[in-house]
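Model the full structure from these sequences, guided by the hints.
Residue numbers (my numbering), protein chains in the order written: chain F, 1 to 283; chain V, 1 to 394.
Calculated from the structure, these hints are not laboratory results.
Watch out, some of these pointers could steer you wrong.
Stated by the list, open to error - Simulated restraints, written as ranges between beta carbons of each label pair: (1) Gly292/V / Gln47/F: 40 to 50 Å; (2) Glu91/F / Glu358/V: 17 to 27 Å; (3) Asp192/F / Val127/V: 52 to 62 Å; (4) Pro295/V / Gln68/F: 57 to 67 Å; (5) Gln68/F / Val127/V: 27 to 37 Å.
Said to hold, decoys possible - Here are some, though not all, of the chain F residues that point toward chain V, as calculated from beta-carbon distances under 7 Å: (6) Val97; (7) Ser99; (8) Arg182.
Here a beta-carbon is modelled for each residue, glycine too, at the ideal position from N, C-alpha and C.
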Amino acid sequence: MSPMKRLSSAASIVALVLVVAAPVARAEGAPAPGAAHYAQGEALLKQGQVDEAAKFFLAAARAAPKNQAYVQRALVLRRIQGLRRFVAKNELSKRWVTSARSLHLFYVQSGLGPLAVELDTVAHQRMQNATSATWLAEAYLEAGQNVEATNLLATYSGQSPRLAAYHALALARLGRPEDARRVGQRAVVAEDADPATLFDVARLSAALGENEKALALLRTSFERTPAAALPLAKGRARASSDLASLAALPSFAEVLRTQSKVKQTCRGGSSCSSCPNRGGCGK
Amino acid sequence: MPTPRRLFQLGFLVLILVGVFVVEGNAERWCPFGGVETMYAWFIGGNSLCATGITNLFAFGAILLSLVLLRRAFCSHACPIGTVSEWTNDLARRWGWKPKRVPRGLDAVLSLLKYAGLVVIVWLTWVAAELIFRGFCPAYALLGRHGEDITMWAYVVGGGTVLLSLFVTLPFCRWLCPLAAVMNPISRFGLVRVTRDESSCVSCGKCARACPMGIPVDEAPVVTQARCTACGTCVDACPTHAGQPTLALRTAGRRRRLVPSAVVAGVLLLLFAGAVLGSMLLPIPSFRWSRGELPENATVLELSVGDLNCRGRATMFRYFLTRDDDLEVVGPLRLHAWPAPDRGRVEISYDPDLTDPETIHMALTMPYYDYDIGMMRMSPFGIEGYDPLGLGGD
Numbered sequence: 001m002s003p004m005k006r007l008s009s010a011a012s013i014v015a016l017v018l019v020v021a022a023p024v025a026r027a028e029g030a031p032a033p034g035a036a037h038y039a040q041g042e043a044l045l046k047q048g049q050v051d052e053a054a055k056f057f058l059a060a061a062r063a064a065p066k067n068q069a070y071v072q073r074a075l076v077l078r079r080i081q082g083l084r085r086f087v088a089k090n091e092l093s094k095r096w097v098t099s100a101r102s103l104h105l106f107y108v109q110s111g112l113g114p115l116a117v118e119l120d121t122v123a124h125q126r127m128q129n130a131t132s133a134t135w136l137a138e139a140y141l142e143a144g145q146n147v148e149a150t151n152l153l154a155t156y157s158g159q160s161p162r163l164a165a166y167h168a169l170a171l172a173r174l175g176r177p178e179d180a181r182r183v184g185q186r187a188v189v190a191e192d193a194d195p196a197t198l199f200d201v202a203r204l205s206a207a208l209g210e211n212e213k214a215l216a217l218l219r220t221s222f223e224r225t226p227a228a229a230l231p232l233a234k235g236r237a238r239a240s241s242d243l244a245s246l247a248a249l250p251s252f253a254e255v256l257r258t259q260s261k262v263k264q265t266c267r268g269g270s271s272c273s274s275c276p277n278r279g280g281c282g283k
Numbered sequence: 001m002p003t004p005r006r007l008f009q010l011g012f013l014v015l016i017l018v019g020v021f022v023v024e025g026n027a028e029r030w031c032p033f034g035g036v037e038t039m040y041a042w043f044i045g046g047n048s049l050c051a052t053g054i055t056n057l058f059a060f061g062a063i064l065l066s067l068v069l070l071r072r073a074f075c076s077h078a079c080p081i082g083t084v085s086e087w088t089n090d091l092a093r094r095w096g097w098k099p100k101r102v103p104r105g106l107d108a109v110l111s112l113l114k115y116a117g118l119v120v121i122v123w124l125t126w127v128a129a130e131l132i133f134r135g136f137c138p139a140y141a142l143l144g145r146h147g148e149d150i151t152m153w154a155y156v157v158g159g160g161t162v163l164l165s166l167f168v169t170l171p172f173c174r175w176l177c178p179l180a181a182v183m184n185p186i187s188r189f190g191l192v193r194v195t196r197d198e199s200s201c202v203s204c205g206k207c208a209r210a211c212p213m214g215i216p217v218d219e220a221p222v223v224t225q226a227r228c229t230a231c232g233t234c235v236d237a238c239p240t241h242a243g244q245p246t247l248a249l250r251t252a253g254r255r256r257r258l259v260p261s262a263v264v265a266g267v268l269l270l271l272f273a274g275a276v277l278g279s280m281l282l283p284i285p286s287f288r289w290s291r292g293e294l295p296e297n298a299t300v301l302e303l304s305v306g307d308l309n310c311r312g313r314a315t316m317f318r319y320f321l322t323r324d325d326d327l328e329v330v331g332p333l334r335l336h337a338w339p340a341p342d343r344g345r346v347e348i349s350y351d352p353d354l355t356d357p358e359t360i361h362m363a364l365t366m367p368y369y370d371y372d373i374g375m376m377r378m379s380p381f382g383i384e385g386y387d388p389l390g391l392g393g394d
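Given below as structure tokens:
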């Protein structure tokens, strides 16, 4: 082969590689369809603008209908809008309580404290019981309204360890550690305490500087949290300002690796092999 | 010229392979052992186990009938493991490898393994409500399309069966097959038997040596052993065919009519066709649930549902249908589900005065707050023709 022909062949190969690689390179550099809408939706949601956020999530899902994250977020926001409408329009009933509870949990887990306070104030006016007080106290704490929380819990904190923990936590946040310790003595967790109570008492312990106790409670809370909800629970632990004093401890990272010990009930799956309820499907 | 049995084997294996790998059907739905495994759950609770359904019960029913008529002819004609094992052994013979004869005592002891296996499998399956044997089944390794449920053990058992078949005839069928353990007690009373005319028998022993199941055919006038698969290999090996054959498949009883191998194949074919037809004519749901008394004007909503593929998913479907938030479907309900790979089918009967199809569609597809796990649970179900977000895709 002559040098010219070799040069020509080499040039052809280089050209071919460039032709093939160019669109790939462009695709890697270009933003994914719907990404901007999705980011905008998240930003609006953080500001508590649920309806506006829903529009952007829907636009993201329409731009990339195969993107399950976008579609699921759009569906969740559509659901939240439905719940908001239902809660706003209807009177107290079993369905109203269930719907309000779903909405409350979404707000709290999404860090939407002010919206949670708005909802739970109405819920507590209607329900006037320890459950609604728990919701409202949780909402106040999420929104950083510690004074309102202590005012509310002055009446209710004796009704459950969780309410006592909320009360003590609010007091600790207000710089009243002695009062917090006194009230916190009522936050005695039972042997079979639920993970939410354990988590809240762990927050209180951490706020009072009882790090070892806080870590032990947190570990038990994670162990009692179903596997599907564990990432969410750990995310809340990482983000919690009450647990910030633990973040620097090596044992905190170890606690965050805790696995769930909950045997899950079967709600289906495409395959038994990865089913967390393996062996319990028919029960 | 291939015998009718060989043609049946080939045709049936091709049918299964095309059905699984070309049409992408689910062989598991037709597994007769699945029928054994699901029987308890189906008759006690009215719902099938795991990914099984009424088709498994029909397949098992067809095999029960075939046992009564043709003994274990299913094993020698249709079972893909039997076919692969037998052909592997044939191949070894062509290479000049003679199959090893297993001593009778050892054969008898090894044969007990399948009964022990059956007890363990059925007990574990009923206790765990899961198809335990699927993880070890060589047929599933062959026909499971390398799905994630297939464990390494299934390939080990499958590969071991093929390897062992080079040296021993039908090792899995003789010693390990749990379905054979179910079939044997019934097979003993099967209508068709290999009979030997002692007056014309020259006692050459070729029949016994040819029997792939290790039956001493030359020792009694009638083969009564439950493990006989009516394959006719002994009949073909018999050297005396002048006039009335010395060795032949005949009906039991006084008349002892000759049963040509084509008839065996034909009857099997009819039984399997009957099972398919039966499951089509009697589409009994694999999953049933109801709440309250339906009124006379109850309406039935039929849906084609994506990802409704097993009992677990049917349970999850019911979970969404019975949600208690603002999308609650109120009033009496009846759910009949036919889970199937990729897309299942359901019939939901409801009171039209209390609810409507739109509410049902929304209840089934919109996320629902799961208080047990404390988070929003997404519905995995896609309902054909219903697009909750109006995305316009699939």
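Structure-based check of each hint:
1. Taking the beta carbon of each, glycine 292/V and glutamine 47/F are about 45 Å apart, inside 40 to 50 Å as hinted.
2. Remark: the range hint 17 to 27 Å for glutamate 91/F to glutamate 358/V is upheld by a beta-carbon distance near 23 Å.
3. A hinted range of 52 to 62 Å is violated for the C-beta pair aspartate 192/F and valine 127/V, which are about 26 Å apart.
4. Between proline 295/V and glutamine 68/F the beta carbons are some 40 Å apart, a value that contradicts the proposed interval 57 to 67 Å.
5. Here the CB-CB span from glutamine 68/F to valine 127/V is close to 36 Å, well matched to the stated 27 to 37 Å.
6. Checking valine 97/F against chain V by beta carbon gives a least distance of about 10 Å; that is not within 7 Å, so the hint is violated.
7. With a cut of 7 Å, the hint placing serine 99/F at the interface with chain V holds, because the nearest CB-to-CB distance is about 5 Å.
8. At a threshold of 7 Å, the smallest CB-CB gap from arginine 182/F to chain V is about 30 Å, leaving the interface hint violated.
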